[in-house]
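> Chain A is already provided as a structure; the job is to place chain B on it using the hints.
Taken in sequence, the protein lines are chains A and B.
Residue 1 is where the first sequence starts when you use full-length UniProt numbering, and the numbers rise one by one after that.
Residue 1 is where the second sequence starts when you use full-length UniProt numbering, and the numbers rise one by one after that.
Don't read these hints as lab results, they were simulated from the structure.
Below, computed lysine-lysine pairings styled on DSS-like, alpha-carbon distance capped at 25 Å:
hint: 1; chain 1: A; residue 1: Lys-53; chain 2: B; residue 2: Lys-265
hint: 2; chain 1: B; residue 1: Lys-464; chain 2: A; residue 2: Lys-228
hint: 3; chain 1: B; residue 1: Lys-264; chain 2: A; residue 2: Lys-77
hint: 4; chain 1: A; residue 1: Lys-53; chain 2: B; residue 2: Lys-264
hint: 5; chain 1: A; residue 1: Lys-53; chain 2: B; residue 2: Lys-236
Below, each chain spelled out in residue letters.
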Amino acid sequence: MLGVVRKKMLGQSLLKIRPAVSVLRSYSSSAKHMTVRDALNSALDEEMSADQKVFLMGEEVGEYQGAYKISKGLLEKYGPERVLDTPITEAGFAGIAVGAAYHGLKPVVEFMTFNFSMQAIDHIINSAAKSNYMSAGQMSVPIVFRGPNGAAAGVGAQHSQCYAAWYASCPGLKVLTPYSSEDARGLLKAAIRDPDPVVFLENELLYGESFSVSDEVLDSSFCLPIGKAKIERVGRDVTITAFSKMVGHALKAAEILEKDGIDAEVINLRSIRPLDRSTINASVRKTNRLITAEEGFPQHGVGAEICASVVEESFAYLDAPVERIAGADVPMPYAANLERLAVPQVEDIVRAAKRACYRSVPLAAAA
Amino acid sequence: MASWGRRSSAVARRVSAFFTVDKAVQIRIGMRRYPFFNPAVSSALVPRPWPCVINMTSLFLVDRFTSSIAGSQADSRRADDDDNDNNYPAIDFPGGKVTYTTKLRFISGSSGKRIPCYRVLDDNGELLNNFNEVKKELAVKMYSDMVTLQIMDTFFYEAQRQGRISFYTTSSGEEAVNISSAAALSKDDIIMPQYREHGILLWRGFTLQEFANQCFGNKDDVGKGRQMPIHYGSSKHNFVTVSSPIATQLPQAAGVAYSLKMDKKDACVVAFIGDGGTSEGDFHAGLNFAAVMEAPVIFVCRNNGWAISTPISEQFRSDGVAVKGQAYGIPSICVNGTDALAVYSAIHAARNMAVNEQRPVLVETLAYRVGHHSTSDDSTKYRSLDEIEQWKTDRDPVNRFRKWVELNGWWSEREETELRSSVKKQASLMKAIQVAEGRKKPPLTELFTDVYHLPPSNLVEQEKQLRETVNKYPMDFPSDVSL
Chain A
1 MLGVVRKKML GQSLLKIRPA VSVLRSYSSS AKHMTVRDAL NSALDEEMSA DQKVFLMGEE
61 VGEYQGAYKI SKGLLEKYGP ERVLDTPITE AGFAGIAVGA AYHGLKPVVE FMTFNFSMQA
121 IDHIINSAAK SNYMSAGQMS VPIVFRGPNG AAAGVGAQHS QCYAAWYASC PGLKVLTPYS
181 SEDARGLLKA AIRDPDPVVF LENELLYGES FSVSDEVLDS SFCLPIGKAK IERVGRDVTI
241 TAFSKMVGHA LKAAEILEKD GIDAEVINLR SIRPLDRSTI NASVRKTNRL ITAEEGFPQH
301 GVGAEICASV VEESFAYLDA PVERIAGADV PMPYAANLER LAVPQVEDIV RAAKRACYRS
361 VPLAAAA
Chain B
1 MASWGRRSSA VARRVSAFFT VDKAVQIRIG MRRYPFFNPA VSSALVPRPW PCVINMTSLF
61 LVDRFTSSIA GSQADSRRAD DDDNDNNYPA IDFPGGKVTY TTKLRFISGS SGKRIPCYRV
121 LDDNGELLNN FNEVKKELAV KMYSDMVTLQ IMDTFFYEAQ RQGRISFYTT SSGEEAVNIS
181 SAAALSKDDI IMPQYREHGI LLWRGFTLQE FANQCFGNKD DVGKGRQMPI HYGSSKHNFV
241 TVSSPIATQL PQAAGVAYSL KMDKKDACVV AFIGDGGTSE GDFHAGLNFA AVMEAPVIFV
301 CRNNGWAIST PISEQFRSDG VAVKGQAYGI PSICVNGTDA LAVYSAIHAA RNMAVNEQRP
361 VLVETLAYRV GHHSTSDDST KYRSLDEIEQ WKTDRDPVNR FRKWVELNGW WSEREETELR
421 SSVKKQASLM KAIQVAEGRK KPPLTELFTD VYHLPPSNLV EQEKQLRETV NKYPMDFPSD
481 VSL
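One chain only, chain A, in its complex shape (with noise of 0.2 Å):
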């Protein structure tokens, strides 16, 4: 569909011109640097101690300093009252925190692996989500449910599986996936101060990665808005939208498409539920093509909602047919080749981009 005009749209933000931040360590010396594990610690603890309302409850985040640190040093600065050691049970330890945000307490819950907020899932959904709307506004949930979320490295099938298309599917929740450093102290911080109970899916292997943060991002007042996507480069050939890890994935095969002449846009979509819409639009109008990427399960995922938003409100304006790069349909396998073929790679982001923009040949047509 040739004869659209290329159009700015949305004015000087998104025309900034701005380097990759991922996962390139900045040289520069005036630049300061944070893992997403001091990131979210940080966080934490500065919400903690400007809210006495705010603790922390989870299998191992007291005495352990966090299963994955990022509850580090907080028993010792809050004390045993802020940061529970909880027993073995998700529902417990769900249910718990759910009736002290009833009360009105601000509950951080950290999930080991949200593989284990399965056996807490009822009280996610039916108890966490849907209770401002059952009961009229007389009971509101300021809760996060917070952890690692998606593959790791190397632990099969039941520690491995992403849940962002699960629990954004459900109303009343909030689902937020940070990339960066910045994506995890201003999400985190705007989920706990947010009213509703909102998921916060991390990613274990992002943990240790350092990213370049500003002065505004250290301050403790720093607080990034919910439902509003980033663009983390800007282009103008293809758009590809990702969150969390695929992020970095996005951008490694962004520089490798320059090489080529193709000119990616990469969105971090950062909030699942709600999805920016807008943003994701805005970016196919412009370069009238769109790749997601996800590491979750193809069927009744992430991509399928932003496909089915795009058609619904771009269709005019797509040269291609959307594809969806997502993980294999079977339960992660745990032999290491294997989980290779079951996760999405850069190439599989840079072919998709390439068929988009008929460098090779669409998959429609192939078959």
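Here is chain B on its own, set in the frame of chain A:
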């Protein structure tokens, strides 16, 4: 106030204090004395579920209705000391000191004798011992509310049968559990119901009109027509909205209690569960956690013999529910749920324990679910009519309480007639139901509010689209939904 969290060394110290005992103590169980332990042993395993009680001998008198019953139950298993190994000292395992035995013996799955059921009145409504806790004014209010509850249940049940509301559950047979619990608590105590405790709301001032509004889901419903009937909720009355999944309120209760504890409030949480609900995983999590956190919660298990069609024998094989409390380190009691005064005094004592000692308590009330599980059930299909009739007439809690109130000269036949007619007619049930039925349903806006604190843009958009569609095609939409 006991603080709840400990580091592991402190835990070991505290738990070992839990388990040491003064050598010179003897325990009296019933009228017999048992030497509690061999004096040659320096320390013995002594279950002391309530550390602040100092006088050991007074604890185990069986005629005391407080938590001693749990203690004596446990002690009868440990009373024979021929299996104490004299030559070895207690070993310090994580979790406390334990003594050895060389005798291979399993603790029986059930103790020989069942936990006795506490009561105050006999079957004829006469006191068995002195009882001064309930005075005339309170007794009259309790009785009136029990009668109102019974009549209300009948009327709403009939309304469902007539197709006017979609669903209802009665509390027949458990009026005393409802009203006496409410009477024994303060209005600041937070109730986390299952779904058969609407009598508590009645006691606290929820009007018959408000009950009717919720059942009909009209625009005046406090719950904005969001929930199916009997899922009442009122933050004003400290009654948390009924939630259908069973037992989820139990760990939540521990969480609410934790919040009360942090606020240092003179209040506790009272969470209700049925006999069937004790099978849920959340029952375990809730009680276990409340004990660990030392949360001021009263867990009230309304054991009414049936979980829809599942009788007790198919629900669990333990000695009722009260015995499970000890497994979590929670003081427990078994109470006659058809005896209004017994329920009152047990809940009152439980509340004092929960608030003053900042700990959970378990109260099991034994009663019978006279009515069907709900309007979707016909219980004659799985139990005999004779059994239902017997409980309905011989052991009706309302009648028994009435006899006691009348014996005191606080009530008469004339007042009875007046009460029943006023509840049924003027400004009461009939009118409430008629008015509620006639009122409009909630407006369209209420479809979209309260999903989140602030309406998100997609819902604002959807509401706008819906209004446009309704305006464009009014014949496709019901006329009783105001825009």
